[in-house]
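Position 230, counted from 1, in the sequence shown is what my numbering calls 239; the numbers after and before it change by one each time, with no gaps.
Source of the hints: derived by calculation from the structure; they are not laboratory data. Bear in mind the structure is a predicted one, so any value in this text is a computation, not a measurement. For every residue, glycine included, the Cβ atom is placed at its ideal position computed from N, Cα and C. It is possible that some hints are incorrect.
To be verified - If you anchor each label on the Cβ, the simulated ranges turn out as follows:
1. 15 x 297: 37 to 45 angstroms
2. 421 x 146: 50 to 58 angstroms
3. 79 x 11: 32 to 40 angstroms
4. 350 x 275: 21 to 29 angstroms
5. 11 x 486: 36 to 44 angstroms
6. 304 x 371: 43 to 51 angstroms
7. 486 x 429: 34 to 42 angstroms
8. 175 x 275: 38 to 46 angstroms
9. 535 x 15: 36 to 44 angstroms
10. 456 x 278: 54 to 62 angstroms
11. 404 x 377: 20 to 28 angstroms
What the hints assert, rightly or not - In the EDC-like style, the derived pairs of lysine to aspartate or glutamate whose C-alpha atoms are separated by at most 16 angstroms in a straight line are:
12. 120 x 110
13. 128 x 187
14. 437 x 506
15. 387 x 362
16. 515 x 460
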Amino acid sequence: MVFVGAPLPEPIPVISGYDLLFTNARNLPLDRKVFIDNDNVDNYITYGGLVTQVTKFSSGLQQIFNFQRGDVVAICSPNQINYPVALHGTVAAGGIACPVEHTLTTDLLVKDFMTVRPKLIIAHKHTLGRCLEAAEIIGLPKSHILLFGPRKLRGVMPYKHILYSYGVTRPPVQLTREEILTKPAFLYFTSGTSGVKKAVMMSQFNINACLMAKDAWSKVEARAVSHVEFHHASALIINLHYCIMHGVETFLLHRYNIRDLCSTIQKYKVGLCASPPWTVTYLVKDPVYRSYDLSSLNVFICTGAFLDNSSARAFYDRFGIPVINKYAMTENTCFFKTILETVQAGSLGVVQDGNILKIVGDDGQEVGPGEMGELCVKGPTVAQGYYLNPEKTVEAFDKEGFFHTGDLIRGDENGHFFYVDRAKDLIKYHLHHIYPGEIEDILMTHPLISESSVIGMYSRDLATEMVTAFVVLVPGTKRTASLADEICEYANSRVSDIKRLRGGVKFLEKFPRTAAGKILRGVIRMNAMEQDDELKAL
10 MVFVGAPLPE PIPVISGYDL LFTNARNLPL DRKVFIDNDN VDNYITYGGL VTQVTKFSSG
70 LQQIFNFQRG DVVAICSPNQ INYPVALHGT VAAGGIACPV EHTLTTDLLV KDFMTVRPKL
130 IIAHKHTLGR CLEAAEIIGL PKSHILLFGP RKLRGVMPYK HILYSYGVTR PPVQLTREEI
190 LTKPAFLYFT SGTSGVKKAV MMSQFNINAC LMAKDAWSKV EARAVSHVEF HHASALIINL
250 HYCIMHGVET FLLHRYNIRD LCSTIQKYKV GLCASPPWTV TYLVKDPVYR SYDLSSLNVF
310 ICTGAFLDNS SARAFYDRFG IPVINKYAMT ENTCFFKTIL ETVQAGSLGV VQDGNILKIV
370 GDDGQEVGPG EMGELCVKGP TVAQGYYLNP EKTVEAFDKE GFFHTGDLIR GDENGHFFYV
430 DRAKDLIKYH LHHIYPGEIE DILMTHPLIS ESSVIGMYSR DLATEMVTAF VVLVPGTKRT
490 ASLADEICEY ANSRVSDIKR LRGGVKFLEK FPRTAAGKIL RGVIRMNAME QDDELKAL
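The whole structure should be built from the sequences, with the hints applied where relevant.
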């Protein structure tokens, strides 16, 4: 069965992001603060200041670096008030902005940079060392690395000292209608089932469609707080576009600190907040947060992962604030329209206006209401595909133009949709994307391990997936608790903190497989959950 969204109430504008955000068609006060440093509220950027700096950044790229249409700028930095300048300034120059996860090791940065081939890297003092190492490996000259902040570090100049040095400011690049509709403006990283990261191409029209989408959260607020890293696609839509477009004051948190989040909401009467699901769990279960007044919030948006419905209901019961599970993926950020009346029942919402979806079974045939299947989507909010990866782009879309998400959902007879499970193997630990193959490769270097499969086991208490290793030992090896601990320590000592085996190590006699020999991770997960339930019942 195919589900069709309502007709668009008005056409999606085919204009550039610069024209949409920075020509002040909404007559915003130029002295309106749009991004505020939560650690130092005297450090902020106004709407007028943002317009000026975005224009200067764009001009500097064109004049100093001979920046051309389609050139890429990679941004590797934690959230800070000048991040939007680099992001939007790049696009205004006709280029492509690519936020990169700032906690990555040098090796992983190299992989990301090799994928997008940046002409320029904007780094932060905490990422500069790794960016310099990665740039040298990919052959990018040091002169093509610039820095956030006021001071020169390790021979790298602040971007303002370089890009703002010309007296004459060039206007932003004028894009054709076709470029706005189809050419990438942003690259955001995601992963497929193989664990190989891909850079998703979002056109300016895709972003415009998301901004025009009607949703329970999309009402103008006086203030917002950003509790999501800017290299996540939800932040691109909410904080880096919607809030600028409407002149919403946005407080930037530098850390995932729930006390800071609650304090900011209470002190500044914040109305809009997007945060990962584990925040909801802590707010509900830890009594220390009950003393905070969060009543200024209209809704609490969960992004980055799916929150179980029991936690969402508990949050509403405690604070009287509805939680919106903003189902999305990097390739498809605004596909469902949330209905507050049904959100408490766990509904994702209905099909967003102007979009179409179908749910298909294992045989590729459409399934009816109440039946589970893979979500396939088509519409203006769906991304263009994968950057410099035409093969994977072709694989992702069927002959009818539907993007196959790999996620399992079901729809009811009223057109409401409910999330069932994620078919992809990617593990989401809080807002971090973890690729099983990397950890499996490490496990396979252990002399007593014959096979390994790393899976995310969902924890209701923490509202996130725990990285768990299932291993088959070399024949003749005795399975003991001490060996499990030793293997766990072996892996943990070789990975970053976010990739540690917090779910532990579990032994299996053999792995369930398909006829082609592929490990059935879903069966492993299901069996492990059943065993845990049996143990809890004892």
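Range first: 50 to 58 angstroms. Now tell me if the beta carbons of residue 421 and residue 146 are that far apart.
holds, 52 angstroms
Quick one: are residue 304 and residue 371 within 43 to 51 angstroms, going by C-beta?
holds, 47 angstroms
Hint consistency between residue 437 and residue 506 [alpha-carbon to alpha-carbon, up to 16 angstroms]:
holds, 14 angstroms
With 36 to 44 angstroms as the target window, see if residue 11 and residue 486 comply at their CB atoms.
At roughly 52 angstroms between Cβ atoms, residue 486 and residue 11 fall outside 36 to 44 angstroms, so the hint is violated.
Is 37 to 45 angstroms right for how far apart the beta carbons of residue 15 and residue 297 are?
The hint (37 to 45 angstroms, Cβ to Cβ) holds, given that residue 15 and residue 297 are roughly 44 angstroms apart.
Given the hint of 54 to 62 angstroms, check if residue 456 and residue 278 actually sit that far apart at their C-beta atoms.
Given range 54 to 62 angstroms: holds, Cβ gap about 59 angstroms.
Is the distance from the Cβ of residue 486 to the Cβ of residue 429 consistent with 34 to 42 angstroms?
holds, 37 angstroms
What's the verdict on residue 120 and residue 110, does the C-alpha distance respect the 16 angstroms limit or exceed it?
Measuring from Cα to Cα gives roughly 12 angstroms; hence the hint holds.
Holds or violated: residue 128 with residue 187, Cα cutoff 16 angstroms?
Distance ~23 angstroms between residue 128 and residue 187 Cα, so the pair is violated.
Kindly confirm whether 20 to 28 angstroms is satisfied by the beta carbon distance between residue 404 and residue 377.
The hint (20 to 28 angstroms, Cβ to Cβ) holds, given that residue 404 and residue 377 are roughly 27 angstroms apart.
If you draw a straight line from the CA of residue 387 to the CA of residue 362, is it 16 angstroms or shorter?
Roughly 12 angstroms separates the two Cα atoms, so the pair holds.
Okay, residue 175 versus residue 275 on CB: inside 38 to 46 angstroms?
holds, 44 angstroms
Taken one by one, the earlier hints fail for this structure at numbers 5 and 13, listed in ascending order.
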